[in-house]
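Top line first, the protein sequences correspond to chains A and B.
So in the numbering used here, spot 32 of the first sequence is number 32, and the numbers just go up one at a time.
So in the numbering used here, spot 82 of the second sequence is number 82, and the numbers just go up one at a time.
Think of the hints as simulated: they come from the structure by calculation, not from any bench.
Mixed in with the good hints, there may be bad ones.
Treat identical chains as interchangeable: a pair holds within one or across any two.
[Unchecked claim] Heads up, simulated DSBU-like pairs for lysine-lysine below, C-alpha to C-alpha not over 30 Å straight-line:
1. K312 / K34
2. K88 / K34
3. K88 / K51
4. K350 / K56
5. K362 / K72
6. K350 / K34
7. K72 / K350
Protein chains: 2
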Amino acid sequence: MVEKSMTGYRGIAGSILDTFRVGIWSDVVIESSKGRFSGLILPRSETADDKHVVLKLASGYNIGVAAEAITKITEHGRREAHYKIPEKQFPVDDRKPNVTLLGTGGTIASRLDYRTGAVIPAFSPGELYGSVPELADICNLRTEKLYGVFSENMGPEQYIRLAERVGEEIRAGVDGIVIGHGTDTMHHTAAILTFMIQNPPVPIVMVGSQRSSDRPSSDAAINLINAVKAAAEGDIAEVLVCMFGPTSDEYCLLHRGTRVRKMHSSYRSTFRTIGDIPVAMVDPDGIRDLRDDYRRRRDDRDVTINTAFEEKVTILYYYPNMQPDIVDAIVDNGYRGIVIAGTGLGHINKPLYGAIKRATDKGVHIYMTVQTLWGYVQMYVYETGREIMELGVVPAANMLPEVAYVKLCWALGQTGDRDEVRHIMLTPISDETTDREPYNGYLIFQGAIPEVQEFLRSIKR
Amino acid sequence: MVEKSMTGYRGIAGSILDTFRVGIWSDVVIESSKGRFSGLILPRSETADDKHVVLKLASGYNIGVAAEAITKITEHGRREAHYKIPEKQFPVDDRKPNVTLLGTGGTIASRLDYRTGAVIPAFSPGELYGSVPELADICNLRTEKLYGVFSENMGPEQYIRLAERVGEEIRAGVDGIVIGHGTDTMHHTAAILTFMIQNPPVPIVMVGSQRSSDRPSSDAAINLINAVKAAAEGDIAEVLVCMFGPTSDEYCLLHRGTRVRKMHSSYRSTFRTIGDIPVAMVDPDGIRDLRDDYRRRRDDRDVTINTAFEEKVTILYYYPNMQPDIVDAIVDNGYRGIVIAGTGLGHINKPLYGAIKRATDKGVHIYMTVQTLWGYVQMYVYETGREIMELGVVPAANMLPEVAYVKLCWALGQTGDRDEVRHIMLTPISDETTDREPYNGYLIFQGAIPEVQEFLRSIKR
């Protein structure tokens, strides 16, 4: 490392560091017109702008401070970040199950890139073993990076490749699959995989982390260990999301791919099963079933891969005073499917009726879901619902809007026939609709903790 | 009542009733190719179609059974429904506070319309007193029906009239205001009223019911009693939503108008404060504060009414693989404002960047919110967020997407100046953005029950 290195800094940002005689790895307090910031100056990539100084805060977040706003920088020391993970040979044990970890770009373990200051995912079995040695107690791990995209950039190209690779791995005899994925759209990918990969004989477990492993409160290791455990040893042969549990730091929940949603932008316990209870709890000691209606692991290698996908589908998220031009524009742009997220039991306002009628007359397939997220579409209760059904809108029971969206993409990828699409949409494949929503599936999952349920029932204010 | 009356039935539906010698008020079991239904045949309006027989089920729901699918009807008796509410003179007591109930079309108490079979809101003070006599213990009640629309049809016309009438009532000296409203979009109306009615000296309490009072488990009376109590006696001079509490049948919660959302399509405890805790609990014995940072009741009559509203604003609810044509269509249709509900910390995919840039270049005002509902937009954390801000998208902290939508309508109704709009949007007026979200404001509100919080902390699995 170079003394007072300015790696990546130039222009106004470079000048300001020079003025105050600080450089990368300086532990500083920056005074600026935007506020006061304490942290470690990180290196920047050569292609970064010259207008910001990037600090790693104590919270683990990186922020960019506008150089022109800086009035003073005080150095309190220097500490080079050490995020390089010791790479070790992942031990092989023929008695242990074989798990394949497919990477899509989400961060699980990570290390700091010294050149750019970026946090780089650690991904080889050796790196993962060096970082999370517990993995070798569970399985033989093989890793494969399919691509590296932020999860908001996931789309059909990635879904299809992922489904096909999962199919190949299953046929090749793997005992379980883990998919590393960014958390933003993990639930969308989980849902489409439940339709594209049908009847898998082994667990397919998606995992990510809300806080990367360079942060003190990272959930990366616990999530990964539990996901690998569920894939290697679990009996639940479904597409699952394995993420941090809500009431304690000590376990993860396994959520069904079609009934899970990201519900907090930053908390670690962000994923919640909606309108149902999760399938199981998992911690390093074992997997505890919360229900017994799941598809069991099998010895055969039979799996059906169907990667159909029509891209011209959209979600119409209703709000009061929505104007018909929004619907008309969707139709005029050639969209073939619309999932409405309506209010209440599945409602939209009367001024939209004409545009909706025009859409269904033109052959657009329209399904109704509820933006309350919890509960069912029930369009027979009010006149509004009955009128909207008469326009050709089909109620989609308790399918989450995002799940109805990916399922409609998948259905329209297979057929344009109205009745066939309707049959596909309304026939449950992977619990995307359920006969009932249990009472304890609303808002918080308390079912994992019978004592809390008991307690809530018992107290009187 | 006519023996075996067929009121409202004709054509195929009339024939089928005739064939099986049943009529309105017959208690029947209908066998049909769509299933088997038990209930009471209700009268229909003269303008209703001739293709359905309408049954009131034991659950209280009305359903229409397609006449052509009916194979058999068996009558088990007849029972005329009695929903007529005894109308009594509402007692006046000069020592009690004066409350005005403004009706918008939501059902609070209700009675059956004998002619049409429809459930008609009971609304006059006399009807309400006959139905819910407890109201007279609390206040002198005056009622005024502003209009009768389903809440999904609420829009600026109704918001403006409502805000103006509230202003007039306040200036006329009323001690509190209750607004009856359908539940579907109650939270949208509550939010816009917090911007249109600023600094009110008295409580403005919105109320509705999830189950109308002709159903056994109706929440209509408890919600109304508690809302009137909060308006008459409460010290919280804000726009509030008063609805059924989540853990017991015995109280309602008072939610801030900007931090509340309908979260279940059918449960009575559907309204939840998001990313915060409610303001208070209320039951017939009193109002129990859950926080003390609210605006207090005052004796003055100073209130600012600002009914600005720009209609060309939309919500863009992001989903993976969203295409730029959706954004282009919004811009080409002359929309002036877009609220994005992004994934994670406030993200959209790269293929949209060009269309977003084009939109902001054309002067469209774009604000980012999170579709996780809980948590903050944080666009400085990832490169994606920083890039999206460079396109001109403004992060809206922890404003709910629906709240950001009505606030942007309101802001753009006042000015088109970029900086002024931004100033209005980012300056909190009614807690639409807050400095922090308390831990117990996530998913379930446990804060009302300290014992549960304690218990959750104490248990180890």
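Results of checking the hints against the structure:
1. For a Cα distance limit of 30 Å, the shortest separation of K312 from K34 qualifies neither inside one copy, at 43 Å, nor across copies, at 33 Å.
2. When the C-alpha separation of K88 and K34 is checked against a cutoff of 30 Å, the pair qualifies neither within a copy, at 44 Å, nor between copies, at 64 Å.
3. Taking the shortest Cα distances, K88 and K51 never come within 30 Å of each other, neither inside one copy (40 Å) nor across copies (74 Å).
4. Taking the closest pair of Cα atoms, K350 and K56 come within 30 Å of each other only across two copies (25 Å); inside a single copy the shortest separation is 52 Å, beyond that limit.
5. When the C-alpha separation of K362 and K72 is checked against a cutoff of 30 Å, the pair qualifies neither within a copy, at 64 Å, nor between copies, at 38 Å.
6. Taking the closest pair of Cα atoms, K350 and K34 come within 30 Å of each other only across two copies (28 Å); inside a single copy the shortest separation is 47 Å, beyond that limit.
7. For the identical chains of this complex, K72 and K350 are neighbours neither inside a copy (59 Å) nor across copies (36 Å), given an alpha-carbon limit of 30 Å.
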